[in-house]
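Peer 1: Given chain A's structure and the hints, the job is docking chain B onto it.
Chain by chain, the residues:
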Amino acid sequence: MSRRWMGIAVSGAKAVLVTAVEEAGKPLEIVADDTIDLHSGDRAEAYKIIHDKVSDRVAHNKVNDVFIKASAWTSGMKLAHLEAAELRGVVIAAAGTSAKVHTVSSAQITKTFGKRKFEDYVKDDSFWPPNISGVKLRSGSRPAALLLIAARD
Amino acid sequence: MGNLLSKLTIGSFVGAGHFGHVHEGDDPVHGKVAVKQIGRKAGDDDAQWDARKAGAQEEAQNLKKAQHRNVVTVHHYVEDDTDELILYVMEFCEGGSLAKPYEAGPISIDEMRSIATDCLSGLCHLHANQMLHRDIKPGNLLRDARGRTKLGDFGLVTDRIVQGYGSPGDYAYSDHMAPEVLQGSPTSPKTDIWATGVTFYRLLNGKEWHDEHSPGMPAVFAGKFADKLRWLPHVPADWRRLIRSMLRPDPADRCQTVHAVEKGVAALSVYPVWDCAVNTGRVTWRRKKGTRTHHVVWERSDAKRSTWRAWSEPTNGVGNTRAMGGTAKPIAEKTAYGQLVKFFLEQT
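Residue numbers (the working numbering), protein chains in the order written: chain A, 845 to 997; chain B, 1470 to 1817.
Be a bit skeptical, because a hint or two may be false.
Claimed, not checked - Below 35 Å or equal to it, Euclidean Cα-Cα: the simulated DSBU-like pairs (lysine-lysine) are:
1. A:K906 x B:K1676
2. B:K1676 x B:K1569
3. A:K922 x B:K1569
4. A:K906 x B:K1534
Everything labelled a hint here was simulated from the structure, so no lab data went into it. For clarity, every value in this text was computed on a predicted model and none was experimentally measured.
Bound conformation, chain A alone (with noise of 0.2 Å):
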């Protein structure tokens, strides 16, 4: 049986959002790859809105199960660290208006699916035609997508 997973991949102001068919023996199909600007200006009245856009985006695509990759300590934390955990928290919240969201992080991606780095996967254009299937994917969007293959194995 198929279901709709989504991918998303959040950063200081914007998160790319990758919608694709799970089905067991095959590529994983992409149906979707876009991404949502946060609004200039004011932050607050800007959370708001991408909150709203991206529990609408999770329900028009009947997305199943959101994976998003989960915040990271980094030595040196700079304010846009901040500033994406921030985002990164209206987006959880907003993908769990629809669907099952599961965060993830860069070490259990490592550990659960493979022998490389995540960025190492995300680099490698050979590693991605077998993997994946259906509507072009964006070079850009190919941590958020990495989720999904990662949530597979």
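Peer 2: Relative to the frame of chain A, chain B by itself:
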């Protein structure tokens, strides 16, 4: 069980649309509601009226799919026992439609972005559910008590009625018909995007300016509509670019999806915010910046002898007035317009 009677009571008249009159109503469950009454037409025979009722009922069922925070909710559908009237009972939007604000003048860019965001969110929801609006215009954008904008009057319009916009009674909104619709193609998500673009243009510039400067249906037919639009000088370039991208004559070149328009709206400038008023022969702007209020006045009653002046003064009235720019003597309106565009571009 006997006949079931609704406790709905119909109140005062709110407005008239294509499909009948809208009244305030009072519903025991929903409280204050809007009631759209669709009556049997004088020329309707029984078969025609039955077909209209069946269509309306089917549409009411479809409307269930459209429930969304930026779409006016339809609570229920009622036929009266005389078999002469259909009632749609809908959410009442306290803020009314944007028709009056549009007639009052240009809407500032910060408020306009909020309206655009809400409008596009509702439209995106309709399109995601394989529905079209087909009648986007200021009068069909309604505001609730919290100031949130919602799409109203959707789902009732058919391609046949959209084509009817060319009739004299609806000529005022003929430029909302995309070129391909004028050439006989059916409506589509891209024709909704066109109508939304025209609506944004109207709201940003206000009725007075629109009516004076809109290139109208001939330009739509000629594929020159977007190029010939004339904007109030304070409307920023990024707003103009986005709206023009919604109004490209070839649907293949137009913004392809509402998502694409939303992406553009997210990046739009919302500062500086000018309150603008357009009157015959005169346009004025005002904004507060820090402790001062900035003013701009453009006198344009004579196209060959146009003048403008900008100055600032202390908001509390204590202190000096400072000149910010203007014309030393009357100049051609086109030249003044160019100077004003440059002036607004330089404001931070």
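Peer 1: Evaluate each hint against the coordinates.
Peer 2: Quick rundown of the hints versus the structure:
1. A:K906 x B:K1676: Outside the cut-off at roughly 41 Å; violated.
2. B:K1676 x B:K1569: Holds, because 10 Å separates the two Cα atoms, which is no more than 35 Å.
3. A:K922 x B:K1569: violated (47 Å)
4. A:K906 x B:K1534: holds (14 Å)
Against the hints set out earlier in the document, violations occur for numbers 1 and 3.
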